[in-house]
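Residue numbers (the numbering used here), protein chains in the order written: chain C, 1482 to 1801; chain L, 1482 to 1801; chain Z, 1482 to 1801; chain P, 1482 to 1801.
Check before you lean on any hint, since a few could be wrong.
Put simply, identical chains are the same to the list, so a pair is met inside one copy or across any two.
As the list claims (entries may be wrong) - Straight-line distance between alpha carbons at most 20 Å, and here's what the computed DMTMM-like set of lysine to aspartate or glutamate pairs gives: (1) 1790 - 1772; (2) 1560 - 1772; (3) 1797 - 1616; (4) 1769 - 1791; (5) 1797 - 1755; (6) 1769 - 1616; (7) 1717 - 1529; (8) 1685 - 1711; (9) 1685 - 1715; (10) 1797 - 1540; (11) 1769 - 1723; (12) 1685 - 1596; (13) 1685 - 1794; (14) 1692 - 1616; (15) 1695 - 1682; (16) 1555 - 1527; (17) 1769 - 1561; (18) 1560 - 1527; (19) 1692 - 1527.
Bear in mind the hints are in silico, worked out from the structure with no lab data behind them.
Protein chains: 4
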Amino acid sequence: MQRIGVLTSGGDASGMNSCIRAVVRKAIYHGLEIIGINRGYSGFVDADMGPMNLGSVADIIGRGGTILHTARSKRFQTKEGRALAFENVQRFGVQGLVVIGGDGSFTGASIFQQEYGIPVIGVPGTIDNDIAGTDYTIGFDTAVNNVVEAINKIRDTATSHERTFVIEVMGRNSGNIALAAGLAGGAESILIPEIPFNVEDICKKLLSGIKRGKLHSVILVAEGAASGIEIGQEIKEFTGFDTKVTILGHLQRGGSPSAFDRILAARLGAKAVELLMAGETNKMVGMKAGEIVASDLSEVIGKASPINKEMYELAKILSI
Amino acid sequence: MQRIGVLTSGGDASGMNSCIRAVVRKAIYHGLEIIGINRGYSGFVDADMGPMNLGSVADIIGRGGTILHTARSKRFQTKEGRALAFENVQRFGVQGLVVIGGDGSFTGASIFQQEYGIPVIGVPGTIDNDIAGTDYTIGFDTAVNNVVEAINKIRDTATSHERTFVIEVMGRNSGNIALAAGLAGGAESILIPEIPFNVEDICKKLLSGIKRGKLHSVILVAEGAASGIEIGQEIKEFTGFDTKVTILGHLQRGGSPSAFDRILAARLGAKAVELLMAGETNKMVGMKAGEIVASDLSEVIGKASPINKEMYELAKILSI
Amino acid sequence: MQRIGVLTSGGDASGMNSCIRAVVRKAIYHGLEIIGINRGYSGFVDADMGPMNLGSVADIIGRGGTILHTARSKRFQTKEGRALAFENVQRFGVQGLVVIGGDGSFTGASIFQQEYGIPVIGVPGTIDNDIAGTDYTIGFDTAVNNVVEAINKIRDTATSHERTFVIEVMGRNSGNIALAAGLAGGAESILIPEIPFNVEDICKKLLSGIKRGKLHSVILVAEGAASGIEIGQEIKEFTGFDTKVTILGHLQRGGSPSAFDRILAARLGAKAVELLMAGETNKMVGMKAGEIVASDLSEVIGKASPINKEMYELAKILSI
Amino acid sequence: MQRIGVLTSGGDASGMNSCIRAVVRKAIYHGLEIIGINRGYSGFVDADMGPMNLGSVADIIGRGGTILHTARSKRFQTKEGRALAFENVQRFGVQGLVVIGGDGSFTGASIFQQEYGIPVIGVPGTIDNDIAGTDYTIGFDTAVNNVVEAINKIRDTATSHERTFVIEVMGRNSGNIALAAGLAGGAESILIPEIPFNVEDICKKLLSGIKRGKLHSVILVAEGAASGIEIGQEIKEFTGFDTKVTILGHLQRGGSPSAFDRILAARLGAKAVELLMAGETNKMVGMKAGEIVASDLSEVIGKASPINKEMYELAKILSI
């Protein structure tokens, strides 16, 4: 292993830059060369790539997003596209690949590895924390902190006006962001795709809270569970309360990464380089029970990453 | 003047608490008593009010929202409602009133003063910065900083994905928040109700930016100018760009007040007490050209507060 | 178990309030009564305590510090002081005690339990993360984020002036804060008490960095390893560089708790109540390998909590 | 005027980058060329300078510090040094100079202009807000917000431990940062060089506050007024209170600029270019009474910028 390629793929996540920095510096520390591939598989197909050095990653540790950019590539999903990517692998002398992204990105990496034999290591980078094989994905902690900060601000106005607020958060098919931010932010109800819910029950809880003197309520809705706007409408109809809806959208992704995400990103990125150096392939690095570990990509791709039910129950108990 | 009442009314704004603290402490410093009226004119009508002391305002200087709460009151708009409020004025011995709020709140205060002769002083507290007679309203600086912070986060993801983002911000009929945040955040285009705009021109600017190598664009839309969702749709249709829309909503209002808002709030609140002590009435305090001044409420209510055209032109020049 | 007492002791840590809230709400959820004890063991001796309800913990989830206050108590270290505390236990009907604090606080709890048989459960709350039996203590993640944020700001000025900065951080005898913040903040060198260091080596690294084009350097010093001021002086003498020193001090403790600390605090607080309800005593709750677990206090008190050597090596590799 | 040079000099201030961006973009908008001079007058003497374009200032609007770096230059204080700088003026075809900095930087600019006739315009960039001819300098609002944020965090721990905290802040010979941050942060006492103070009086106020039930106190000390460590020692001796000292140091300078500083920087930078285009020289741009104005450098250099006494009195009244 003399030259490693690195790319970010899928939705951007805060901490991806800290991970790129770790991959580059760890590789250079061990005397390897490193090729940065821009715009995910799209740049891989288009040869939008080039050498990186220590200076390429100076001053990026604290910046959100990814300096390598990211994109969805339809062409890499075709045999022709992947053939072009392999040409670029040969042209740039890439002998191993670090792919920072989510489930879809790993699927692409796995197929490419099978077709062309180039070693690939996946690093879980997505705010959704929905990847099997790791307790945390890069970007999740920052996203949860972004949501908690937004809840804090909205709670100021909710308290002042004695209103009910519905906040829709990201997470695709996963309720992880909603659950963690809801527990951390003290949300009165948390609606996630993993647990059936009933708007009538939520409204009854709201009404009994009001009776007990609660001045406001915050309902967190995972985008995979329901539409915040529809839930807001239903609550308004049932309770008659002045109900406002906020859809946090893409601001959840950005911002300077949290310390937790930076450390996770550094450890995972360095481990990915170690695995390539050790001749491994088709693995994903992850953090399980506090340890940095490697799983087979086949055990990760398409596998469910269940929510923590104990945390869900706790959130319910603490929001009485 | 022995006893002053204070209330917050209309939309909450960060810094209202700093202002309440200043009113209470300034009054107590001069040996006055102070009555806090909860939930705006609603609590005034309902006698939801009571004495405040130094301890009532301990530890609130840095908290968003308003500890006195705020509400819209339909009853205070009726003669009967105001008669009830006057009964409470007599019952609680209130001899002067400080009203922290916006245009509608001042209208109510002015009518009440004319009917019952009780001295009133208005303090401009609204994130919209749309009040004549003051260069800045309490809450505006914090709201603009909230929007700029959101732009920063969205720009991380916009850059990573090379996307166009439309961000809808508050301001009711005013473009002040959009203009200030757009200039501070480096938005590519700013759509405000005070200046006619044309989506085609915006799109052409986007396209020429892309040609020149710009990787992303942020368009700021004041809620009074257009719907962010509609503008996003039109841009997508015209340019074919992957265009995302974020509606910041109520998180703009909250959060710990900025230093600027805290100082403004302290100065305005103290001045309001001074005016009541000096026998003044029907005035609004404000900051004009760096000085704390008083205007007649009649010169303020319903008057336009034009945007700074020079800043608008500057924002255009700097976003080339 | 009908009535539980809760206190915070030792240095305050952000997230203690989230933990108090969890203890109170979890207890009330299960029909228990809860007594809040103010100012740590000091209030325990002085009967500065009283019942808490749902309202006592409203709106505290996001506030730094501890609403129960904390203090060091010399009297509780005496037999007489503990006898007074036991009188208060009887007077207030306290049947079990949750102690949120660090090593010293657990020692006091353990002695008290042995002498009077009252069940006690410890919850690790200290920014230092130096407690055996848990991977994380409440307040550590927030403190590390505070330090990283300070590094970010100092790096702006360090880069602009091309200077070397020495930043002294807290941690008493532990290098955990320095190590985590140094890895997350990209510090050029990290000085901790667990690992011998040599200022000459640090200076040589600085000089070779400058040669390679580095414009600035940040050195993190754990207070238990050395004095920041002395290290700054030595570096200045050896290298001749314009070296500035910042001692972050108590601002590391405060601020709204991070999402991670809030969730950890909620889970640990709830578990402490569960243990008391299950008839347990002399335990500390903690998070090990992602799970909430209980350890015997005797296995925790006075035990070393070693740093993560792998992380230390990684920080060195990434700061080349 | 075809080609303008721009440099930053003296202590760095957050918002300098927003100002550089405005100078560059405004100049390019009007068809001018722009030369960036690195490391202040030091780079001017050493020819460390080169052309800037739109891309040079992409993505810097929200970054603290200055991309042009800054340094103190002893050589520019000599005739020989300035002769070298003039050679570089001729070599790079610079026809006008924008100097972003403080009093010392303007002095250098003024002498250079007198000796070599090259038009110079000063832009006030310093966190100290101690420049005559402008109500605000670039970086002041951000620095004050940084201090207020630190006060917030320290207050959490101060309240929890019922302690007295002394916080030393920057400002050189000016009390402006201490005064603004003290008023905004609700400090119990503010020690500034412009107003005589007496530690005994401060202690008596502390003691009477404690009697009245205050749980903690925060004393702000401007570095130009006294040493925080000495004041802390004196308070401890007089009152016997557990008194902690924090010296905020360089973290006050950095961080992403506030919206206020970004807007101020944009307006001042653009105005500086306009003045050069209009054939003006030896002026400083500033904001007076909300308007962007120009003053003669001779009326600015060495002139006192008095504090706002009304604000000082208000801070005293509100801290009863």
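A quick look at each hint next to the structure:
With identical chains, the CA atoms of residue 1790 and residue 1772 are at most 20 Å apart between copies only, with a shortest distance of 13 Å across copies and 22 Å within one. When the C-alpha separation of residue 1560 and residue 1772 is checked against a cutoff of 20 Å, the pair qualifies neither within a copy, at 37 Å, nor between copies, at 44 Å. Taking the shortest alpha-carbon separations for residue 1797 and residue 1616, neither the intra-copy value of 22 Å nor the inter-copy value of 26 Å comes in at or below 20 Å. Within a single copy, residue 1769 and residue 1791 get their C-alpha atoms as close as 18 Å, and across copies as close as 16 Å, so both meet the 20 Å cut-off.
In this assembly of identical chains, the alpha carbons of residue 1797 and residue 1755 lie at most 20 Å apart only when taken from different copies (16 Å versus 42 Å within one copy). In the homo-oligomer, the alpha carbons of residue 1769 and residue 1616 lie at most 20 Å apart both inside one protomer (5 Å) and across protomers (13 Å), since each shortest distance falls under that limit. In this homomeric assembly, residue 1717 and residue 1529 never come within 20 Å of each other (Cα to Cα): the closest approach is 51 Å inside a single copy and 26 Å across copies. Taking the shortest Cα distances, residue 1685 and residue 1711 sit within 20 Å of each other inside one copy (17 Å), while across copies they are farther apart (35 Å).
Proximity of residue 1685 to residue 1715 under the C-alpha cut-off of 20 Å is restricted to the intra-copy arrangement: shortest distance 12 Å within a copy versus 41 Å between copies. In this assembly of identical chains, residue 1797 and residue 1540 lie within 20 Å of each other by CA distance solely across copies; the values are 17 Å between and 42 Å within a copy. In this homomeric assembly, residue 1769 and residue 1723 never come within 20 Å of each other (Cα to Cα): the closest approach is 44 Å inside a single copy and 36 Å across copies. Taking identical chains as interchangeable, the C-alpha atoms of residue 1685 and residue 1596 are never at most 20 Å apart, the minima being 56 Å within one chain and 43 Å between chains.
Within a single copy, residue 1685 and residue 1794 get their C-alpha atoms as close as 18 Å, which meets the 20 Å cut-off; across copies the closest is 52 Å, which misses it. In this assembly of identical chains, the alpha carbons of residue 1692 and residue 1616 never lie at most 20 Å apart, being 40 Å within a copy and 41 Å across copies at closest. Only within a single protomer do residue 1695 and residue 1682 lie at most 20 Å apart by alpha-carbon distance; the minimum there is 17 Å, versus 44 Å between protomers. Proximity of residue 1555 to residue 1527 under the C-alpha cut-off of 20 Å is restricted to the intra-copy arrangement: shortest distance 12 Å within a copy versus 52 Å between copies.
Taking the closest pair of Cα atoms, residue 1769 and residue 1561 never come within 20 Å of each other, the shortest separation being 37 Å inside a single copy and 48 Å across copies. For the identical chains of this complex, residue 1560 and residue 1527 are intra-copy neighbours only, at 14 Å inside a copy versus 56 Å across copies, given an alpha-carbon limit of 20 Å. Proximity of residue 1692 to residue 1527 under the C-alpha cut-off of 20 Å is restricted to the inter-copy arrangement: shortest distance 19 Å between copies versus 62 Å within a copy.
Checked against the numbered hints above, the structure breaks hints 2, 3, 7, 11, 12, 14, 17 and satisfies the rest.
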